[in-house]
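Colleague: Given the coordinates of chain A, work out where chains B and C should sit on it, guided by the hints.
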Amino acid sequence: MFEAIAFYTFSAITIVMFWITVTSKNALYAMSALAAGMIMISGFFFLLDADFLGVVQIIVYTGAVMALYAFGMMFFDTTRDVKERVRAPKLVFLLSGMTALVLVIALVAPILGDHIEALYPMKEGIENPQAVGIVLFTKYLVPFEVAAVMLLVAMIAGIVLAGKKMDESLTLKVEDEFTQKGAQ
Amino acid sequence: MITLSHYLVLSAVLFAIGLVGVYRRKNLLMLLFSTEILLNAANIGFAAISKFYGDLTGQMFAFFIVAVAASEVAVGLGLMIVWYKRRGTLDIDSMQSMHG
Amino acid sequence: METYLYIALFAPLVGSLFASLFADKPKTIITGLVTSALLFVSWVSSVVLLLHVAHGEAVHVKMMDWIQAGGLSIPFGFNVDAVTATMMFVVTTVSTVVHVYSMGYMDHDKSFNRFFAWLSAFVFSMMVLVMSDNFAGLFIGWEGVGLCSWALIGFWYHKESASWAANEAFIMNRVADLGMLIGIFLVYWNFGSLQYDVVFAQVDKMDPTVLMMTTAFLFIGAMGKSAQFPLHTWLADAMEGPTPVSALIHAATMVTAGVYLVIRANPLYGAVPEVSLFVASLGAFVAMFAASMALVNRDLKRIIAYSTLSQLGYMFVAAGVGAYWVALFHLMTHAFFKALLFLGAGNVMHAMDDELDIFKMGGLGKTMQATMILMTIASVALAGIYPLAGFFSKDKILEAAFAGHHYILWAVLWITAGLTAFYSFRLVMLVFFGEERYKIFGYHPHEAYKFMLWAMSPLAVLAVIAGFFEHDFVHMIKAVLPVEEFHVSTGTFWFLIIVTQAIALGGIAFAVWKYSKGGFSEKWRETFVYKLLFNQYYIPKIYDEYICKPYAELSKIAWKELDVRVVDATVDFIATTIYKSGMVSRVVQSGNLSNMLRWMGAGLLILLLAAILYSPVR
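Residue numbers (our numbering), protein chains in the order written: chain A, 1 to 184; chain B, 185 to 284; chain C, 285 to 902.
It is worth saying that the hints were derived from the structure and are not from the lab. Predicted model only: the values in this text are computed from it and were never measured. Hints should not be assumed to be uniformly reliable.
[Unchecked claim] Derived contacts from chain B toward chain C, CB cut-off under 7 Å, selection only:
1. VAL206
2. LYS210
3. ASN211
4. LEU263
5. TRP267
6. ILE276
A virtual CB, placed ideally from N, CA and C, is assigned to each residue, including glycine.
Pulled out of the complex, with its shape left as it was, chain A reads as follows (with noise of 0.2 Å):
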């Protein structure tokens, strides 16, 4: 009953969170709804015992993700509102809604994966941040330094991209020399 409850509290609230964010012509409120939403999903996580991973969500998008949205938004004008021009916004939830029905249909009318069987199977008796560093750190141990890796290379991305010389960057200057070319 508790888990009901909380479900569906959670789903309506996230619901509405990510469709102010979607639709929200403010910049600001959409990053708000955002990480509201976020911090429901880790609700999510938690009713389905994920605990590690239900921090992490916490952590990481609560904490880095948007944090870095707002410093980045910094660069922004973003007391403007979003001046778009919506070009056939029917069609937009027509596929978004058909694609919404199909996976629907998909994952609820025949369960695919009926003879699944669990391949790092959870133990009793052991909690989730324990079974999750032992999985994490054996079997999937090459994945996870690559992701480490993955992770430094942005960071050096970002540094770079943004950084405050990025005037003389080298890549601009080319694009500076393909647009002057296009330009004659």
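Modeller: Same frame as chain A, now just chains B and C:
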């Protein structure tokens, strides 16, 4: 009783909302937000399947998706800043240099 | 011996390649000299081989594997036995002479080098044809000579008639080659091999119907190459080519390839008397048919061409009645005197600035004594007068026909012998004797170069003496071809000779008598028979009217209705559809990210649907 299907339907609905954002918004920042929604929708699905099949693999994938999302934001934001400094706008209708 | 074989085969090829290096250069005498020298080398090798195989042993070499595909195994093999050696001797002799002669004849031609390249290429193809030890190699040579013949008939391709004649020859041969190919397929289908020795060893076991089909289809090929009725029209038109070409290809060698095929496949033809009888009958018919056309023709080279046709008919009669060695013997002697006749005609043409109408000549004997003598020798040999070569071979054919109880064939050939003698001497009389009509037309005839006359002399010698080698020839050929004694009594034998000589001499005498008096009256030309013969029995007209024109009409219908309306329309439709869809879908590539994303979403939807619809779990 909340079953796997509930979670999956929720996941699909959130995904659809993300798609609406991706299709509808013209602002690059909003596009990035929408992608975050898409990724989170997928994460819910993974976590739910992980729970209901008693398998940790789903959670593992969710972790990696979180990592990918973080990197994407870092690089994407960096690129956006560059673009904004050059053009003064984030409207993707202004990026038409690849038209055929 | 293998070395000689390879030299004989490849020397002409080397010559041809050498000459083709200079193909578009101005005339250099060196091409002529080199090709002639290499052909002489080839001739020497052929003679060595001939002397070697005269003892009855064949030279057989396998140069390399050529086609190995599944059950099909065709090696590049060459087999030189008595028949092949004889053919090689004939081919190299005549072609050496023709090469040397051509250096004079083509003296003023700007495509001198090209001429020698093709001429030597022809000799190489002909050598492949006669030396191959299987049907596939024979076919390669067969097509090779066809190609070279096409190029040489159309040598003066800027003349429309020449290129028309070249195409006519080529196309008619293609028609026949289809039959030939079917024959070869049948051989492979039923015998499982294309090697002569393997095929001929199995003849006894074969179903007669199969043999009949095979030989009939092979003979269609022979009919095309040897210009037998009804595929004969190309040979007369082929006279558009340079005269040495006519001498080499359209008299001595290529056109006899059909006869060679029948001789080579004699175990097959021997097993089916029906087809053999057809071959003989057709040969006899063509002999008479062609000789009759030669009687009235006014064109110097066409007369000789019809005579060639007629003599080929003789050879087919000999092959058809089973006297294969006689056919080969006549092939050899005929090659000598007919090539001589053509080369003589070439001299006359040169003297008369390429004038061909014999009624515009006459009295040329005074200025062209040597040519006159050579051509008279050739004509006498052609008429079959003792002791020249033609007598021995032609008389043997008549004897073979008589001994085989084919009296009708004999009678036809006997009359044809008279006709042959008549038209040969009509030609000689009109060209070399009588009043000098050429003066009216303002020609200034002159004798050909000395070395051309000398080049012709070996042929003249052979035309005179070749007959006396009959005994040695029989001895040599016994190992390969069936040689049967003709069962005729001595009295009949002498009777036949005397009768044949009589009609031949009669023909000569009549021609000499009639044309020394000035020939037939003008009224004769109004008669139906003359017109019929002069227009070649209206056969070209019939072909034109009933084959070419309906075919052209049909083609036009196919073009207008089928090609334009169906094929072109379909192709255009596909093209415009793709073009229009491109124009329509060009919008997709707007470069607008938002649009692209939407397209991506549509793709995602489609893929999802597909994944569900084709999901294996369901």
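Colleague: Determine for every hint whether it applies to the structure shown.
Modeller: Each hint, compared with the structure:
{"no.": "1", "hint": "VAL206", "in the structure": "6 Å, holds"}
{"no.": "2", "hint": "LYS210", "in the structure": "6 Å, holds"}
{"no.": "3", "hint": "ASN211", "in the structure": "10 Å, violated"}
{"no.": "4", "hint": "LEU263", "in the structure": "13 Å, violated"}
{"no.": "5", "hint": "TRP267", "in the structure": "12 Å, violated"}
{"no.": "6", "hint": "ILE276", "in the structure": "4 Å, holds"}
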